[in-house]
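> Protein chains in written order, with this note's numbering: chain C, 1 to 190; chain A, 191 to 352.
FYI, nobody ran anything at the bench for these hints, they're computed from the structure.
For glycine and all other residues, C-beta sits at the position ideal for the given N, C-alpha and C.
Hints are supplied without guarantee of correctness; some may be wrong.
Facing chain A, according to a computed beta carbon distance under 8 Å, are these residues of chain C, among others [claimed, not checked]: (1) VAL24; (2) GLN28; (3) ARG33; (4) ARG46; (5) GLN50; (6) VAL131; (7) TRP132; (8) LEU147; (9) VAL150; (10) PRO155; (11) THR156; (12) LEU174; (13) LEU178; (14) LEU181.
No farther apart than 20 Å at their CA atoms in a straight line, the calculated lysine to any residue pairs in the SDA-like style are these [what the hints assert, rightly or not]: (15) C:LYS157 <-> C:ARG66; (16) C:LYS157 <-> A:GLU197; (17) C:LYS157 <-> A:LEU237; (18) C:LYS157 <-> A:LEU208; (19) C:LYS157 <-> A:GLY206; (20) C:LYS87 <-> C:ALA42; (21) C:LYS87 <-> C:GLU43; (22) C:LYS157 <-> A:SER198.
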Amino acid sequence: MEPSDEALCARVAAGEDAAFEQLVGRYQRRAYRLAWSILRDAEGARDVSQEAFIRLFQTAGGFAGRARFSTWFYRIVVNLSVDHRRKGRWWRQVFARGERSDGDGNALDEHPAPTVDPGDALERERALADVWAAAEALSPQQRAALLLQVQDDLPTKDIAAVLGCSEATARVHLHRALSALRRTLRKEPR
Amino acid sequence: MTEAHVESALVPCLRGELAGDERQHVERHLAACASCRAAAADFQAILERLATAPPPVVEPDWVRYRAELRARLGTSGEKPRAWWLRPLPIGLAAAAAAAVILTLAATREGRGPNGDLAALDDDALAVGLDIIDNRAIVERLDLLEDLDVIRDLDRLADTREG
Numbered sequence: 001m002e003p004s005d006e007a008l009c010a011r012v013a014a015g016e017d018a019a020f021e022q023l024v025g026r027y028q029r030r031a032y033r034l035a036w037s038i039l040r041d042a043e044g045a046r047d048v049s050q051e052a053f054i055r056l057f058q059t060a061g062g063f064a065g066r067a068r069f070s071t072w073f074y075r076i077v078v079n080l081s082v083d084h085r086r087k088g089r090w091w092r093q094v095f096a097r098g099e100r101s102d103g104d105g106n107a108l109d110e111h112p113a114p115t116v117d118p119g120d121a122l123e124r125e126r127a128l129a130d131v132w133a134a135a136e137a138l139s140p141q142q143r144a145a146l147l148l149q150v151q152d153d154l155p156t157k158d159i160a161a162v163l164g165c166s167e168a169t170a171r172v173h174l175h176r177a178l179s180a181l182r183r184t185l186r187k188e189p190r
Numbered sequence: 191m192t193e194a195h196v197e198s199a200l201v202p203c204l205r206g207e208l209a210g211d212e213r214q215h216v217e218r219h220l221a222a223c224a225s226c227r228a229a230a231a232d233f234q235a236i237l238e239r240l241a242t243a244p245p246p247v248v249e250p251d252w253v254r255y256r257a258e259l260r261a262r263l264g265t266s267g268e269k270p271r272a273w274w275l276r277p278l279p280i281g282l283a284a285a286a287a288a289a290v291i292l293t294l295a296a297t298r299e300g301r302g303p304n305g306d307l308a309a310l311d312d313d314a315l316a317v318g319l320d321i322i323d324n325r326a327i328v329e330r331l332d333l334l335e336d337l338d339v340i341r342d343l344d345r346l347a348d349t350r351e352g
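Using the sequences and the accompanying hints, generate a full structural model.
Now the structure itself:
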């Protein structure tokens with residue numbers, strides 16, 4: 001039976017490198033995606049998610065076990081992502097906005113889509129791409145809230161804890177995100 | 191429809207997170223409000239669609255990612271030592287040592303630096319005197335015991351020089 005994240009974290013706190021490697025294996029992709037959902041920048045997402053693992057290694061003993069490990073760790077990722085955005089790189093944001101406004105398909109054309117089987121899956125894949133492309137226009141908080149829900153199935157109160165806001169605010173982020181996607185997909189007037 | 195739409199409660203409702211009165215309220219509203227029902231159905235479809243595939247993110251080469259992480263851990267990943275085990279800067283260490291020595295010395299004299307109100311009065315009196323100008327005399331005195339001599343320092347110095 002696989003050890004829980006919380007058990008692995010306790011072993012990291014006790015200095016067990018193998019437990020750390022296991023946690024990195026479990027969370028590298030999710031941490032990277034979460035950082036990317038906020039930063040929209042591959043280099044920044046790599047830097048921030050690696051830094052989050054370093055913080056995990058250094059402060060695993062600070063995890064009190066009152067929340068899920070994932071909530072605690074994602075909070076570190078979000079804090080570092082926010083710091084990363086705040087530290088400037090304003091030019092990067094400006095360019096990112098410009099890329100997004102160029103057209104709907106550009107970002108997805110540059111990003112390799114997940115492996116697709118030909119034939120029937122094509123239409124489904126296009127529909128998925130449309131939804132994620134529409135998510136590009138959401139705010140970082142809305143994107144992060146949405147990602148935490150669909151990727152990790154986190155309950156709203158945990159999403160609130162990760163984003164450092166109230167549960168009511170997390171509900172609003174999710175509602176606005178889904179409303180915006182719905183509008184975009186149905187081409188509804190705002 | 192006179193009741194306000196439930197809006198931000200729709201997603202928690204779809205996920206089964208609501209309980210008690212709130213759940214009943216939202217379910218009652220959905221039964222009566224076609225607009226919110228349609229929104230809930232669309233939200234459900236969008237969430238299901240998103241959950242079936244990860245976002246189209248440019249993922250790094252994970253082998254290289256892990257190598258970079260190990261390298262970064264090698265340079266900055268030491269677990270922080272407890273504060274009482276960390277080395278002090280030289281200046282701070284010297285100041286701390288001086289404070290310990292002074293405290294011990296004062297304790298040996300039977301008075302802490304802030305030990306009691308009388309000690310504070312004596313210290314205030316000494317500050318009021320011009321003892322720096324008469325350092326040679328002061329050095330030969332027991333400052334804490336002979337306040338009368340200290341009070342007359344100026345006169346003593348004049349007498350000696352004269």
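> Next, verify each hint and record whether it holds.
Cross-check of the supplied hints:
no.	hint	verdict
1	VAL24	7 Å, holds
2	GLN28	6 Å, holds
3	ARG33	5 Å, holds
4	ARG46	5 Å, holds
5	GLN50	5 Å, holds
6	VAL131	5 Å, holds
7	TRP132	5 Å, holds
8	LEU147	7 Å, holds
9	VAL150	4 Å, holds
10	PRO155	6 Å, holds
11	THR156	5 Å, holds
12	LEU174	5 Å, holds
13	LEU178	5 Å, holds
14	LEU181	5 Å, holds
15	C:LYS157 <-> C:ARG66	14 Å, holds
16	C:LYS157 <-> A:GLU197	17 Å, holds
17	C:LYS157 <-> A:LEU237	18 Å, holds
18	C:LYS157 <-> A:LEU208	11 Å, holds
19	C:LYS157 <-> A:GLY206	13 Å, holds
20	C:LYS87 <-> C:ALA42	17 Å, holds
21	C:LYS87 <-> C:GLU43	15 Å, holds
22	C:LYS157 <-> A:SER198	13 Å, holds
Going through the hint list in order, the structure satisfies each hint without exception.
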